[in-house]
Amino acid sequence: MVLTDSDRELIAAIQGGLPVVAKPYAAIAAQLDLSEDEVIARLQLLQSAGLIKRMGVVVRHRALGYCANAMVVWDVEDAEVERIGGLLAGESCVTLCYQRPRRLPMWRYNLFCMIHGRERSSVLRRIEQIIAFHGLEDIARSVLFSGRDFKQRGARYIEPDNKVEMVKSCHG
Amino acid sequence: MDSVDAKLVNILQTGLPVCARPFDEVAASLDLSVEELLSRLQRLLDDKVLTRFGPMFNAEKLGGALSLCALQAPADRYDEIAELVNAFTEVAHNYERDHLLNMWFVVATEQPQQAAAVIREIEQMSGCQVYDMPKQEEYFIGLQLTV
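Taken in order, these protein sequences are the chains called P and G.
If you read the first sequence in the numbering used here, its first letter stands for residue -18, the second for the next number, and so on.
If you read the second sequence in the numbering used here, its first letter stands for residue 4, the second for the next number, and so on.
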């Protein structure tokens, strides 16, 4: 689908977040000089076309006490990536699971998943359980915990503003 | 944060309908008035538990690019490099991680060429090679909080 200028204005108006009011689309419509119905119809179209995945929230895991954030990376045979990716994605503690390209010789891993937990020890225990349960012992892997969290916000796609967030929070 | 907040966060993560009064149904399911729900949501935003309530875009379908990038920053220049990376509005997240590649960040741009340009600029300014690893396949599940 091709974005119209009006779509771009609409996306720019909402990408930083919707107003927290009972009728958020009416508020956006008033800003853009559109009707509420037009805004809703256009957003529904953007959503059904898959440009908008959903209207939801981004959770800052650390603020919830999920201070241990591990990126677990695996070097999976290409033919096996889909199967293993599906297994990992089915685990309740895995929040994201992506296939990405290797960058040899520096980086050999092609399957990435995120696991959040309250402490490193419990995250490591979960990883061991997942490995044992699915028989992943032979797959080379690495666990990268995060240290400082410098910046976390939703990506901006249109007319980004210049605000830089420095987030000081717990050290996972 | 109480169990009602946790339930609210779990529901909001899965998404709300795009309609005139998107909060009504959720409020009813949690036995809250819409006003109570909105004040809880506002508090979660103010407390920075949530970064925002709004659209989750599919960057690729928008014609844009989203890539996970990593670089190896020397320990004595880490903060300086983190600062220059974060100064790019195209950089959405930046985490320090314990690996040879110790700085991990996401570059999100409206057009794919812009991502390449941002990466090149970061390489020039930092003197570090940037390894970019755009996703090839996604297997998704949201974080469900224990309530």
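Where hints are given, some of them may not hold.
Said to hold, decoys possible - Distance condition first, Cα-Cα at most 16 angstroms in a straight line; then the derived EDC-like pairs of lysine to aspartate or glutamate:
(1) P:K34 with G:E28
(2) G:K51 with G:D82
(3) P:K4 with G:D8
What the hints assert, rightly or not - Residues from chain G that keep clear of chain P, each with C-beta distances beyond 10 angstroms, as calculated:
(4) V7
(5) K10
(6) E28
(7) R100
(8) E124
The set of hints was computed from the structure by calculation and includes no laboratory data.
Ideal placement from N, C-alpha and C gives every residue a C-beta, glycine not left out.
Evaluation of the provided hints:
{"no.": "1", "hint": "P:K34 with G:E28", "result": "20 angstroms, violated"}
{"no.": "2", "hint": "G:K51 with G:D82", "result": "23 angstroms, violated"}
{"no.": "3", "hint": "P:K4 with G:D8", "result": "21 angstroms, violated"}
{"no.": "4", "hint": "V7", "result": "15 angstroms, holds"}
{"no.": "5", "hint": "K10", "result": "13 angstroms, holds"}
{"no.": "6", "hint": "E28", "result": "12 angstroms, holds"}
{"no.": "7", "hint": "R100", "result": "4 angstroms, violated"}
{"no.": "8", "hint": "E124", "result": "15 angstroms, holds"}
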